[in-house]
Amino acid sequence: SIWQNAEKQAAWAEMVAETVRRFGSHRALAGIVPMDEPNGMDLGFSGAWDALAGQIAKVAGDAARRLDVPLIYSPDRWARAEAARALRQAVGSEAVLALHHYEPWHYTHQDETDPVRFDQSRMAVQGFEAVDGDWAVLEFGAVRHAPDVHQYLRNRIE
13 SIWQNAEKQA AWAEMVAETV RRFGSHRALA GIVPMDEPNG MDLGFSGAWD
63 ALAGQIAKVA GDAARRLDVP LIYSPDRWAR AEAARALRQA VGSEAVLALH
113 HYEPWHYTHQ DETDPVRFDQ SRMAVQGFEA VDGDWAVLEF GAVRHAPDVH
163 QYLRNRIE
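Heads up, the sequence shown is in our numbering, so the first residue is 13 and it goes up one at a time.
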């Protein structure tokens, strides 16, 4: 797998670098995401994505800076903020981190038979205080049958 194989990791880093070289100057390109929602940690390969992301930053970073196209990295654990600090150390301060926020999980992924109400006082947006540098939340949401889902979405947007 990509999480264990150094040859595949090197090829992945080179693929990102080639993408930067080929498309980095295109006026419609806002940035390049080397891997969306990496999940190495959840598969038992803690630190593998951070190491690969660091390799990508070394191989593709100069070209990205020359072409002024940001590399946008998702932290491990499906782009969760809790994994952002280790990723930031691996890729440096110039990179943009792309976070996904589906918290609290018991609310956003509840079953129709076990409704959990939205409670702003207990479900505040948290976890981003430790994310240094530039970052953006690119995904968030909840199942459509969650009670008060409109309040949850408004809370996350505002």
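Treat the hints with care, as some may be off.
To be verified - Distance condition first, Cα-Cα at most 20 Å in a straight line; then the derived EDC-like pairs of lysine to aspartate or glutamate:
no., residue 1, residue 2
1, LYS20, ASP48
2, LYS20, GLU30
3, LYS20, GLU49
4, LYS70, ASP146
5, LYS70, ASP48
6, LYS70, GLU106
7, LYS70, ASP54
8, LYS70, GLU26
9, LYS70, GLU30
10, LYS70, GLU19
Unchecked claim - Derived CB-CB ranges, DEER-like:
no., residue 1, residue 2, range
11, ILE169, LEU41, 23 to 29 Å
12, GLU170, THR125, 28 to 34 Å
13, TRP117, ASN17, 17 to 23 Å
14, GLY43, GLU19, 22 to 28 Å
15, ARG33, VAL108, 15 to 21 Å
16, ASP146, GLU49, 26 to 32 Å
17, TRP90, GLY43, 15 to 21 Å
18, VAL137, GLU26, 36 to 42 Å
19, GLU170, ASP126, 26 to 32 Å
Calculated directly from the structure, the hints in this document are not laboratory data.
Glycine is no exception: its CB is placed at the ideal position from the N, C-alpha and C atoms.
Going down the list of hints, with the structure as the test:
1. For a cut-off of 20 Å, the pair hint linking LYS20 to ASP48 stands: about 17 Å separates their Cα positions.
2. Using a Cα cut-off of 20 Å, the hinted pair LYS20 and GLU30 holds, with the two alpha carbons roughly 15 Å apart.
3. For the given pair, LYS20 sits about 18 Å from GLU49 by alpha-carbon distance, which is consistent with the 20 Å threshold.
4. Only pairs whose Cα atoms come within 20 Å are accepted, and LYS70 paired with ASP146 is accepted, the gap being roughly 19 Å.
5. With a C-alpha separation of about 19 Å, the suggested pairing of LYS70 with ASP48 holds against the 20 Å cut-off.
6. With a C-alpha separation of about 12 Å, the suggested pair LYS70 and GLU106 falls inside the 20 Å cut-off, and the hint holds.
7. A hinted pair counts as satisfied when its Cα atoms are at most 20 Å apart, and LYS70 with ASP54 does not qualify at roughly 25 Å.
8. Straight-line distance between C-alpha atoms of LYS70 and GLU26 comes to about 10 Å, which keeps the hinted pair within the 20 Å bound.
9. Pair hint LYS70 plus GLU30 holds up; C-alpha atoms about 13 Å apart against a cutoff of 20 Å.
10. In summary, the hint linking LYS70 to GLU19 is supported, as the alpha carbons are separated by about 16 Å, within the 20 Å threshold.
11. Distance hint check: the CB atoms of ILE169 and LEU41 are about 26 Å apart, consistent with the given range 23 to 29 Å.
12. Evaluation of the 28 to 34 Å hint for GLU170 and THR125 yields a pass: the beta carbon distance comes to about 30 Å.
13. Taking 17 to 23 Å as the suggested C-beta distance range, the pair TRP117 and ASN17 does not conform, at roughly 31 Å.
14. Checked against the given bound of 22 to 28 Å, the beta carbons of GLY43 and GLU19, roughly 27 Å apart, stay inside it.
15. About 19 Å separates the C-beta atoms of ARG33 and VAL108, a value consistent with the hinted range of 15 to 21 Å.
16. Here the CB-CB span from ASP146 to GLU49 is close to 19 Å, at odds with the stated 26 to 32 Å.
17. Restraint check, TRP90 to GLY43: a C-beta distance of roughly 19 Å satisfies the suggested window 15 to 21 Å.
18. Judged by the Cβ atoms, the range 36 to 42 Å given for VAL137 and GLU26 holds: they are separated by roughly 37 Å.
19. Separation of GLU170 from ASP126 is about 27 Å and conforms to the stated range, judged on CB atoms against 26 to 32 Å.
The earlier numbered hints that this structure contradicts are 7, 13, 16.
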